[in-house]
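Novice: Residues per chain are reported as follows:
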Amino acid sequence: MSAALSGLEAVAHALAAAERAGAADADALVLENDAVEVRVRGAEIDFAKQARERDLGIRAFVNGGAGLSAAVTSTSDLSPEVIERMAGETVALARATAPDPHAGLPDDGFVADAPELGLIDARDREQTLEARIERARQTEAAARASDPRITNSEGSQASSDFARISFGNSRGLRAEYESAYHGLSCVPVASDASGMQTDYWNTVARRLADLEAPEAVGREAARRALGRLGARRVATAEVPVIFDPVTARGLVGNLVACLSGYAVYRESSFLAGRLGDTIASPRVTVIDDGRRPGGLGSKPFDGEGLPTRRNVVVQDGRLESYLLDSYAARKLGLVSTGNAGRGVGSGPGVAATNLWLEPGEATLDEIVADTPRGLLVTGLFGHGFNPVTGDFSRGAAGTWIEHGERSHAVEEITIAGNFGRMLADVDAVGSDLRWLGRVAAPSLRIARMTLAGE
Amino acid sequence: MSDAAVGFFRERFGLDDRSLEDGLGSALTHPVDHADLFFEYSVEDSVVLEEGLVKSGARHLDQGVGVRVQQGERQGYAHADEIDLASVQVAASTARAISEGDGRGRSVAVAARATAGHDLYPVARPPTEVPVGEKVDLLGEIDGYARSRDPRVRQVMASVQSQHRHVLVAASDGTRVGDVRPLVRLNVQVIAAEGGRRELGSQGLGGRYAFSRLLDPAAWKPLVDEAVRIATLNLAAEPCPAGSLDVVLGPGWPGILLHEAVGHGLEGDFNRKGTSAFSGRLGERVAAPGVTVIDDGTLAERRGSLNVDDEGTPTRRTVLIEDGILVGYLQDRLNARLMGMEPTGNGRRESYAHMPMPRMTNTFMLAGPEDPESILGGVANGLYAVSFGGGQVDITSGKFVFSANEAYRIEDGRIGAPVKGATLIGNGPDALTRISRIGNDLALDPGIGTCGKEGQGVPVGVGMPTLRIDGLTVGGTEG
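Protein chains in written order, with the numbering used here: chain A, 1 to 454; chain B, 1 to 479.
For reference, chain B alone in the conformation it holds in the complex (with noise of 0.2 angstroms):
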């Protein structure tokens, strides 16, 4: 994959190793500590459904370099829409002015670096080739599916994305790596109606596969019976208890819990820096013993995978929690620099447009021992939520946040009436800490998770097992 990557670029855009290593040079006309150039070419297209009907398909080119210079603490970047040797020179001389010092630079010889090893996503046909035809009867067909499914389903909205991206990353530790990242994107989104009231339902599925994967009744079918599902449950739901109380998770993409409560807390930069509520915590509890939160960039096929992040480091499996003890973060290049410690293949950007920083890959928690029914079984008066919006964290302070948009009373152990979704708050240093039980029933989510910092989104999964956390605040409006 980094070797088709390498030749769409040299083929396309004329850039071979002399022009990057051209490129290279001007952006290293005086000393500094790490300069490179990303260049990205990304094709994206969508089709939605409403009414009925899909009013209009979308397509998206987006291409440019970015070029950055580091020294020090001290970054600086520019970048430009046109893939050629001049905007690189042009980039460059804007990115060094931010660096300093005296002395000649030097030049630099790119080659292939030790590859990754994994190639997690080999697509053969880019979903963005698959003729727009098809995501237009699909949708049609699972229009037609969610509103048999129920007489009182009012509104269907379904989507389909499809993205496809080369990337090539030439660095001045004289790496050269490139990657071919495929993405798609299912998303079905349910109105029903009844006694005046109107409820919401949706879902979604995706990954790093081939489209023709989306065509399979047995994946989409699933989808629209779980946001028809929730649609209608939720035509039931009573207002949410608020207060402090026991509150069991289902497995998945509940694991917004770990991305929101420690996941962004322990990203390098904010630990550089002293910002985050985990800062030179490494070595302490920051969890209850048989806490194990992962974060790893290589599963295959997954939206959070890559083969190598946006840097060029390989990805890999990054212990950050082991049985209770805080034992890693999440480490780009300049931060992994400025701590004396090795970059985790986390730096992750945007688009050529943005400078990467460390950001998650899949954040999971390792399952335990325990059957999820008798997690349930053992709260006497509590909350049990299986499905969530999205959540966001202060990492100073360590207040998180996750809103629950599927959720239910637990009355004596059994699952009761269903409740309003509430938004959850907790401290993110000892909310892992009053995890209680432990299910044996790890999942990951189906593929929908795009995570935010500082305004740029990059595309990620979560995942964990059923759990109980015990006195985590629930923002319902009975108190």
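Isolated chain A (complex conformation) (with noise of 0.2 angstroms):
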């Protein structure tokens, strides 16, 4: 066997051997990672790891007279006989499915800039693992000295992954960009006479000076577990509920995948045939914008080799535009927005780039004092949301609220609805937007869901 290949040179290999093997078309995509996680718990290592990945996606398509077949093949071995394998294995493993109109490379648009985003301080690279561990260290000393009734943890980690993304096809279409992605959270428990709890936090950037201080994440994750102790559980009740911006970015995800180009052509979204229409209250503004910069989930291009945009997805609760990739586009006469998603072993589907929920005027103690009564949910579980439907029904935790004022926690409770009422109904929106991932919300309170308890 020989050396492997690596980047545009595996890319380019990939796409020669697909098109002797008689691809009418071809994109390869290779993914190489250098990861590296440490665990610190109470006051000793739990655990170090490294590691260092490359991946090479190949897709190929061949002419089947009523349109093109696909195939999608990947490889951990990047040895130029193996990607020649794999390349021809992909030609014949399309050869097997079935022509279809809408297949096939985007007609162009291809990217034709490099922006500089953020996603990367290449000095990040040289920290030590010393020097991660100890963040790690001072991250959890921080939620065990906050309260004595921090007992006990799963541990704090810190984690960094650098990639290097390299995308060719078979139009001549060369590019790659390099992106860091670093982390850092706390998971602690506190116990007192009522029992054990536990709840977390953290922070994710592209540049490690970005994150927040592991003091902070530390004492933010024991401050929400010594929340949840005493929690119990209330009466069944149609109740306000507020989520907090861990629990609103999860309503924006579910929001997401029924946005999803290929859910709607499916008719799998309760949104399919709601282009144009008011779909949430006046209050519900939500923008995708794959440039961002320093977003968690920006890009220069998206999974097909498009450049990335910004989308508004959701104006003043109209619905203005769907997630589509150029099948999904061409299976609803749309044009692509941009966000083709691609995995290293599938081909695209549709992604959410950095996809917020626009934030609102009022802080979250403002919405809580201006909800007589009502529950504030800080943890959703579960995955009760059937996006054909819109059904909601999921276990949560959080605080009661009385009198406009935070009484006790609560748990082993769910809350249900339908998520377009729900939409329909979201009657205050926060303005403590927090980027915890590449999809974020701010707080907001839906007026009424069922709340199921005793």
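If you're looking for bench data, these hints aren't it; they were derived computationally from the structure.
For each residue, glycine too, the CB sits at the ideal point set by N, CA and C.
Incorrect hints may have been included.
[To be verified] Derived list of chain B stretches under chain A, where covered just means 3 residues or more per stretch with a C-beta under 8 angstroms from a C-beta of chain A: (1) 68 to 80; (2) 274 to 280; (3) 465 to 477.
[As the list claims (entries may be wrong)] Not close to chain B: a few residues of chain A, all C-beta gaps over 12 angstroms, as computed: (4) Gly-109; (5) Ala-145; (6) Pro-372.
These two chains come separately, so use the hints to put the complex back together.
Specialist: Okay, structure coming up:
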């Protein structure tokens, strides 16, 4: 076996091999990653993990008469012989699938610029393992020291991932960029006579300098865990529900699933056929922007090589755009929005880039004070969301609100509703937009949901 | 099967005993409690049909090695995607950076340990070598049949996935064992529409057996029937009640209840750290009398089964709860050592790129004495739930959820109207104490479960008989 190829060299080799094997068109993606993760628990190092990975994904199209047929392969062995073989297998596999008149590379408009998006600080590669361990240690120590009731933890974790993405297609496109993703998280355990509770806090950024300080992460995680002590159930009722930025971003994620062009053309989204309609309260404006500087979801081009851009998805409650790649766009008679997602092992689907609910004016405390009686949700769990119908039912934890004030902690309850109704019932949006991932939200309040408890 | 895997890595990558020993030697330059090498070569393919067409096929090759060093509670881990001695040595130097201490290291002689004694999935022809044309044809037949079942069927999506994985573990205690693991899965999802409503139904099946078994209409027709039945049934579903109800769960896949309510909470890492609601509770009552919960990795052909775990420990049948009393935890090597217990063959990892930790295999409850009909007949006002999506658990507070996608009211002991799916929530340490009736109809799930923990997915199985739990919170919309 000869030495593995890398980057654009591997991409070029794969494309040439696909062409020789008879592909009408092809594209290829190489993802090279260096990652390090360390976890500290209490005073001890729990683990340190390092990895180097290279993966190549090839997508090939062959002419089938009534359209192109497609197939995708991937390999973590990037030696030239294996790349050659996988390219041949991709073409052979494509011959076995059905021709599809909408399949194929985008017609044109491939990315032609290389914008500086602030995706990496090269000096961050030099940080030593010891320095990373120290960051996790400080986070853990801050959590443990913040209150005597913080008696245990799952640990504090510092991670860094450096990637090089190389992409090319049979139309001559060759493009690559580097990016980094750093994280710091803390999962403390609080206990008192009422029992044990846990919660977490984390910070993510493209550059180490932009992470929240370790002490702040540790203290916030401890505050959230402590806030769950003494939790109890409440009676079943229909009440207003406030979602903090951690849980509100989950709701925005549910919305994203319903806005994917694939779900729309398959009619497996309750928002299919609603373009231009009012689908939410006028307080709801949602933007997707793939070129936001330093954005956690930013990239110069999408999974098909088209330039990323800013899309207004929902404006003042009106549905302005779905999230589309070129295939879903063709199926719907629309145009790609630059949202092709692409894992090495899959053909493009649709993915959000940086997608957020625009903040409003009120602080979370003001929204709470404005709620005579209801629930502030700080944790949601379970997968109870059906994009086909919009039915929503998930387990929840949080704080009861009585007379506009935070009262006791709540657990072992569910909140349920229909997502379409929930969107229309958004009657407050906070000013506290937090970037906890690629999808982000401020706090928000939904006027009524069914809380199931005792 | 171990010999086949050992031979595979030796012939393809030159990994003979000497190179395994040299690789381990690189990890053992300082005194450590344990070190291991995990080699993996995996091939996967999938074919997906929608709108009557197989629009794309996919094939993946993933190979690499993970090197792990353990000292006390610490672990150092590094992985590489080239399988050769040089990569092992680089990874080992990274992994051992975490260990401290002086003194000379040691060398190791590897040898085949006493093998598991079970060969749970002897498949002659790797499913990834079955021609894609057969898979395409199967999905086409399924599509035609699904559309013929009911005029309300609007969309059919079907997929078939095959995986063939070779693994090899070499460890500092001299273990050298491998495994060859086939896995197949067929899934059908249907959207039905009527009167402005659209609803979803899906069903799947799979396991570690020959692909040809999926080609049998006696296997896939009932699958399609189920997906169509659930989708069309849900077209008539009414809003689900909300609040605390007596719930009857059907047999098989509703065993997710056990996976979430107690399974994760009994994993050795959480109990060693003291962060689980079940920590320190061995010997205590955690479930009603008659409740016995087992984790068994030795069931033939099951999706959740393994001949050996991913640390080279043979799998076994572990009793977790016996007649309501907590008697066991699920252990990998690290946590077993730190708790002074035996590894139970539950050290699993998603791939060479991940560290092992305690995971479930097939987790189920033994059958009881009751007739399922009489269990339903005994409920005046409650919920009957027979199919679920997934679940999740907070192992520290003990709160768990699982989401029904086929459920009915029970009125005066009879099954009433179908209701929309809702999430059920409970508290692990006491939910199982409120099991008041246990049926005689133990069933395992059809081979569709994937468990997620710390970003690692592994295939698992669940099962149980029909049972009744009193006072579970149902997350409907009708208060």
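Novice: Over 12 angstroms to the closest beta carbon of chain B is the bar; see if Ala-145/A clears it.
Specialist: 19 angstroms, holds
Novice: Go check the region 68 to 80 of chain B versus chain A for me, would you? Three or more residues, Cβ under 8 angstroms, otherwise it fails.
Specialist: holds (count 9)
Novice: Does Gly-109/A really sit off the interface, with its C-beta more than 12 angstroms from all C-beta atoms of chain B?
Specialist: It holds; Gly-109/A is separated from chain B by about 23 angstroms at its closest Cβ, greater than 12 angstroms.
Novice: Taking 8 angstroms as the Cβ threshold, is the statement that the region 465 to 477 of chain B is covered by chain A upheld or broken by the three-residue rule?
Specialist: Check passed, 5 qualifying residues.
Novice: Holds or violated: the region 274 to 280 of chain B covered by chain A, criterion of 3 or more residues with Cβ-Cβ distance under 8 angstroms?
Specialist: Three-residue rule met by the region 274 to 280 of chain B, so holds; n is 3.
Novice: Pro-372/A clear of chain B by more than 12 angstroms, beta carbon to beta carbon?
Specialist: 18 angstroms, holds
Going through the hint list in order, the structure satisfies each hint without exception.
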